[in-house]
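Between the sequences and the hints, there should be enough to build the whole structure, so can you do that?
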Amino acid sequence: MKAFYVTTPIYYANSEPHLGHIYTTLIADSVTRYKRQRGIDAFFLTGTDEHGVNIERAAAARSLPISQHVDEIVDSFKEEFARFGVRYDRWIRTTDLYHQEGVQ
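If you use the working numbering, the sequence shown corresponds to residues -2 to 101, in order.
If you're looking for bench data, these hints aren't it; they were derived computationally from the structure. A few of these clues could be false.
[Stated by the list, open to error] Here are the computed distance ranges between Cβ atoms for each label pair:
#: 1; residue 1: Ala58; residue 2: Lys(-1); range: 42 to 48 Å
#: 2; residue 1: Thr91; residue 2: Ala58; range: 16 to 22 Å
#: 3; residue 1: Gly17; residue 2: Ala58; range: 20 to 26 Å
#: 4; residue 1: Arg54; residue 2: Ser27; range: 20 to 26 Å
#: 5; residue 1: Arg54; residue 2: Lys(-1); range: 24 to 30 Å
Backbone N, C-alpha and C fix where the C-beta goes; we use that ideal spot for every residue, glycine too.
Put into structure tokens, the structure is as follows:
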């Protein structure tokens, strides 16, 4: 059986999710479900990019350490996606050791 891989952009963790994030993720989730209903082995990945000046600025504006800021933003993404019934197979964070080792 051929595998099918579905991914969204990795969302920038500078602020909470908005309609564009939800829209994109719902489409990816729908495609994944469609493929699985047809017996195709589908894998759905989404996540967050947690590096950059804008994230540093957003954390500073909230008077939070960067790690706490991105942890809270990631939680807000996951909670919002759960409200819409999104079921992803893997959530990747660019701060994960797994990711860091993979890109080096």
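Structure-based check of all given hints:
1. Ala58 to Lys(-1): 42 to 48 Å: holds (46 Å)
2. Thr91 to Ala58: 16 to 22 Å: holds (21 Å)
3. Gly17 to Ala58: 20 to 26 Å: With Cβ atoms ~21 Å apart, the hint holds.
4. Arg54 to Ser27: 20 to 26 Å: For Arg54 and Ser27 the Cβ distance comes to about 34 Å; the hint is violated.
5. Arg54 to Lys(-1): 24 to 30 Å: violated (44 Å)
Comparing the model with each earlier hint shows violations of hints 4, 5; every other hint is respected.
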